[in-house]
Amino acid sequence: MQNISGIRPGKRMGFAWGPGDILVYETQNKASGPTGSGCAFIHVVRKDEDIYSPILRKLFNESHHIFVGLQTIKDDLPSKSKKPQFVSISRNYRSVIRACMEELQQAVSILLAIELIWNLCEVLFIDAAPAGSLLLHLLDWVRLHKSDVDEKAKGVLQSDSPAEHRDYWDVVLSYVLQGRLEDTRKMLMKQAMLQPAAKSMYKLMDSLLSKMPFYNPGGTQTLTEFDVKWRNWHEEVDRYLKDNSFASNQHLEVICKILLGDEDVLLEHKELLSTWYYFLITRLLYCHPTVKPTELHYYAQSSMMMFLDSGVPEPLDSILLAAFEFDIHQVIKDCSIALNNWWFVAHLTDLLDHCKLLQSHNLHFGSNLREFLLLEYASGLFTHHSLWQCAVDYFDHCPEFGRVYLELQIERVPLDTERKALKVLRICEERQMSEQVRSICKIMAMRAVRNNRLGSALSWSIRAKDAAFATLISERFLQDYCAKGTFSDLDLIDNLGSTMLLSDRLTFLGKYREFHKLYGEKCFSDAAKLLLSLMTAKIAPQSFWMTLLTDALPLLEQKEVSPHLNIGLK
Amino acid sequence: MFVARSIAADHKDLIHDVSYDFHGRRMATCSSDQSVKVWDKSENGEWHCTASWKTHSGSVWRVTWAHPEFGQVLASCSFDRTAAVWEEIVGESNDKQRGLSHWIKRTTLVDSRTSVTDVKFAPKHMGLMLATCSADGVVRIYEAPDVMNLSQWSLQHEISCKLSCSCISWNPSSSRAHPPMFAVGSDDSNVTYGGKVQIYEYNENTRKYSKAETLMTVTDAVHDIAFAPNLGRSFHVLAIATKDVRIFKLVPLRRESTTTGPTKLEVQIVAQFDNHNSQVWRVSWNITSTLLASSGDDGCVRLWKANYMDNWKCTGILKGDGSPLTGSSGQPSAMSTVVGSSIQTSQNALNGMSAGRIAKRASFAPPLRQLTSPKINQSPAYY
Numbered sequence: 001m002q003n004i005s006g007i008r009p010g011k012r013m014g015f016a017w018g019p020g021d022i023l024v025y026e027t028q029n030k031a032s033g034p035t036g037s038g039c040a041f042i043h044v045v046r047k048d049e050d051i052y053s054p055i056l057r058k059l060f061n062e063s064h065h066i067f068v069g070l071q072t073i074k075d076d077l078p079s080k081s082k083k084p085q086f087v088s089i090s091r092n093y094r095s096v097i098r099a100c101m102e103e104l105q106q107a108v109s110i111l112l113a114i115e116l117i118w119n120l121c122e123v124l125f126i127d128a129a130p131a132g133s134l135l136l137h138l139l140d141w142v143r144l145h146k147s148d149v150d151e152k153a154k155g156v157l158q159s160d161s162p163a164e165h166r167d168y169w170d171v172v173l174s175y176v177l178q179g180r181l182e183d184t185r186k187m188l189m190k191q192a193m194l195q196p197a198a199k200s201m202y203k204l205m206d207s208l209l210s211k212m213p214f215y216n217p218g219g220t221q222t223l224t225e226f227d228v229k230w231r232n233w234h235e236e237v238d239r240y241l242k243d244n245s246f247a248s249n250q251h252l253e254v255i256c257k258i259l260l261g262d263e264d265v266l267l268e269h270k271e272l273l274s275t276w277y278y279f280l281i282t283r284l285l286y287c288h289p290t291v292k293p294t295e296l297h298y299y300a301q302s303s304m305m306m307f308l309d310s311g312v313p314e315p316l317d318s319i320l321l322a323a324f325e326f327d328i329h330q331v332i333k334d335c336s337i338a339l340n341n342w343w344f345v346a347h348l349t350d351l352l353d354h355c356k357l358l359q360s361h362n363l364h365f366g367s368n369l370r371e372f373l374l375l376e377y378a379s380g381l382f383t384h385h386s387l388w389q390c391a392v393d394y395f396d397h398c399p400e401f402g403r404v405y406l407e408l409q410i411e412r413v414p415l416d417t418e419r420k421a422l423k424v425l426r427i428c429e430e431r432q433m434s435e436q437v438r439s440i441c442k443i444m445a446m447r448a449v450r451n452n453r454l455g456s457a458l459s460w461s462i463r464a465k466d467a468a469f470a471t472l473i474s475e476r477f478l479q480d481y482c483a484k485g486t487f488s489d490l491d492l493i494d495n496l497g498s499t500m501l502l503s504d505r506l507t508f509l510g511k512y513r514e515f516h517k518l519y520g521e522k523c524f525s526d527a528a529k530l531l532l533s534l535m536t537a538k539i540a541p542q543s544f545w546m547t548l549l550t551d552a553l554p555l556l557e558q559k560e561v562s563p564h565l566n567i568g569l570k
Numbered sequence: 001m002f003v004a005r006s007i008a009a010d011h012k013d014l015i016h017d018v019s020y021d022f023h024g025r026r027m028a029t030c031s032s033d034q035s036v037k038v039w040d041k042s043e044n045g046e047w048h049c050t051a052s053w054k055t056h057s058g059s060v061w062r063v064t065w066a067h068p069e070f071g072q073v074l075a076s077c078s079f080d081r082t083a084a085v086w087e088e089i090v091g092e093s094n095d096k097q098r099g100l101s102h103w104i105k106r107t108t109l110v111d112s113r114t115s116v117t118d119v120k121f122a123p124k125h126m127g128l129m130l131a132t133c134s135a136d137g138v139v140r141i142y143e144a145p146d147v148m149n150l151s152q153w154s155l156q157h158e159i160s161c162k163l164s165c166s167c168i169s170w171n172p173s174s175s176r177a178h179p180p181m182f183a184v185g186s187d188d189s190n191v192t193y194g195g196k197v198q199i200y201e202y203n204e205n206t207r208k209y210s211k212a213e214t215l216m217t218v219t220d221a222v223h224d225i226a227f228a229p230n231l232g233r234s235f236h237v238l239a240i241a242t243k244d245v246r247i248f249k250l251v252p253l254r255r256e257s258t259t260t261g262p263t264k265l266e267v268q269i270v271a272q273f274d275n276h277n278s279q280v281w282r283v284s285w286n287i288t289s290t291l292l293a294s295s296g297d298d299g300c301v302r303l304w305k306a307n308y309m310d311n312w313k314c315t316g317i318l319k320g321d322g323s324p325l326t327g328s329s330g331q332p333s334a335m336s337t338v339v340g341s342s343i344q345t346s347q348n349a350l351n352g353m354s355a356g357r358i359a360k361r362a363s364f365a366p367p368l369r370q371l372t373s374p375k376i377n378q379s380p381a382y383y
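Protein chains in written order, with this note's numbering: chain A, 1 to 570; chain B, 1 to 383.
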């Protein structure tokens, strides 16, 4: 609900739609006469969409290019060669997102969330990593969005005695939680140096950390082989824990338990994990690194429940959970609700649609959803004074309603300057929107006539192919000539060329001017012939005959001319 | 979610109608103070009053713009039983410098014997034509055959609707498949005649308008009526402001080429909203017919949107909060952006799927420590 200051509650409001906004005013039922209560204010209300931020405008512009590029990917290529392209495009979108992030601090958190979601969608839906690679991708995902560890680590390493820094163990544990075992080992080395008595314990930990198997998708090892190796390693770590090898060092023991995927221990470090999805990934890393996509939802749900003991998920949580459940539809829906404008869902849905993911979910409105969102997004752009041009491409790629939406909206673009009008016209002409072309030209012609710019009016009428209006303006020109004895806008009339055939009156105007030119150049014979043809062709308006005859008079005096004229005039 | 600015309108009495021109750069207002004001939007978005003049000798009920193809033309209608057509004259250079323009009356339409309640220009493909409707139940259609001479208007049709008329709307469709059509609403308290909305259609053969349909299910007073823009559909959509908001679908039925008379229309109700819980006074569509706005006696303006499954829901509410405006006109006034519970509950999943998880209206951001998460604007992005 939106409150409007200055309107009394309960007072009936009148309103009017505008381009992207709505006018609201206080009024009453139709009384029979004046009520004496003055009306002070009209309120202009518009949706506070991020579209108006100059930073996001950059996002819209850049993503526009990517969008257009995506539409041109040929459908008939095998999906194997298309996937890298789609991934690449997905990355382009994300790089555009990241580029804008740098500029806009305020909205960064929202963009981070979008990137987080998009990244997860890319991993799960677009790249569609299988078991083995899946966990690695998810690890990357979590690390990308949890970069504060490095900040802390920097602080620790730059101190005089890193191993004694109060954040030291936090950093170590964070590394372990993220599966960054090399970094863990390097850090632990510093502690080991301070505790020579515990040298063998640290050596053991180092060894266990170095031996943890990580799946190599490009390698020769199969997933099953990896699984066996990993279980062996897991059992080995378990043995060392059970025989109290780390019992004397609380920290190392915690690390050991983490390596074993001990959920209770993980949950004790909620602060370091900070989110349930981080907890999820860590859990998977140390319990079930060969997790399959289809198994994700189970782990996701339980992770969320375990982590959020207070229960109520935030919007972001619901969206991510829906993604882990491969419920694309729910992701799109939840994003639509949570975000302020259509940008994110429109572009993501479009990309997912190109990956043929919406259809595979058995939704009979797969591609309609895409179009719906694109239409919403692009319509929102249209009210912006410069972004409307981007919107055009979006409509072009909406096969069902794109054209009619474009027709309706492009007519409403204010034609502030001739340059802008020409821009709009070009777009309409390229798409054979002949009615819109005609209408825009007519509006410009009318405007010119009102301002007595006859030349401009004529040229717009010609472009509109509006014979009736061209006739009208030609009449005006001729009237002007009768009144002043000269023509205005000679350049235009001289260069009409074949366009003068649009209307009889226009043809007459063009030819009449030609007659004047010939006369001025003293080509009396040609001038006379032309004058004669004008009279006989019957395209001269009746009101002009007197003028034509008057024009003929001086020609009669020209000896070479008179025979022709004498014959013609008879 | 919405931002609002205020313009000091300076009318000395109630404003009854506000109308944007085709491009949204100009605005006309009319009032019980008998005047019309025209406003122009400058490049920086500020509205300036460029003309203000007395138009009638009674309250002015409606004001409307002709299509810019016909120039800068306005029509107004009034309690004084007349409608008038106005044209902007390009002024003297010093007028222009002062940002003023001059409007002159081109014609007065005096045929009505009672208050003229609505005036609307016909779609541009019909030429320069307008319709008025009056409290005496007569709809009159006028045409200016010469668009360069706006002082010549002829009364082309006079249609008696038998009920006092309150509002009229032309069907904007320019498709050749659709003959000219308008809908007229009545606020008559007479209960003998059941339906308060009548649809008239032009017949090429008789060259007259004849009634195609009466919406019998609309039995309460109708205050406003609006055809939706036609997106190449074969059917028509009509919104009605009565004791509630109603949206109808009118489907032309195929008929034998030999039958005369207007097209038979199948009437289907698409949506009905009583959220205003009071009389609804205005309904209006946005350009692409994707949003309908309505205002009622509950002091709210509501926005209605259909998802792509054609289910209609409320996506926004504007309401006066009684607080005084802060700052001068043009300054954004303080807004509270609380979304009503009606929107939350209406955010059901598409078409029967379970609601799933309803998002709490909390911050929407990953909890990175160095960043404060901004409050997400709760957007009723119903899709």
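None of these hints come from the bench; they were simulated from the model.
Every residue, glycine too, gets a C-beta built ideally from N, C-alpha and C.
Some clues are possibly wrong.
As the list claims (entries may be wrong) - Quick partial rundown of chain A residues pointing at chain B, CB under 7 angstroms, derived from the structure:
1. M1
2. R8
3. F15
4. G155
5. L157
6. M446
7. A448
8. K538
9. Q542
10. W545
Stated by the list, open to error - Straight-line distance between alpha carbons at most 20 angstroms, and here's what the computed EDC-like set of lysine to aspartate or glutamate pairs gives:
11. K420/A x D188/B
12. K41/B x D416/A
13. K105/B x E43/B
14. K11/A x D297/B
15. K420/A x D393/A
16. K420/A x E43/B
17. K423/A x D297/B
18. K162/B x E143/B
19. K41/B x D10/B
20. K257/A x D327/A
21. K203/A x E236/A
22. K11/A x E43/B
23. K423/A x D393/A
24. K54/B x E43/B
25. K124/B x E182/A
26. K11/A x D40/B
27. K465/A x D146/B
28. K211/A x E164/A
29. K11/A x D188/B
30. K41/B x E182/A
31. K74/A x D396/A
32. K517/A x D466/A
33. K522/A x E557/A
34. K11/A x D10/B
35. K124/B x E407/A
36. K270/A x E236/A
37. K11/A x D244/B
38. K124/B x E557/A
Exercise for the section: Just pull the numbers of the violated hints for me, sorted ascending. Expected result: Hint check: 4, 5, 7, 8, 9, 10, 11, 13, 17, 18, 20, 22, 24, 25, 26, 28, 29, 30, 32, 36 and 38 fail, others pass.
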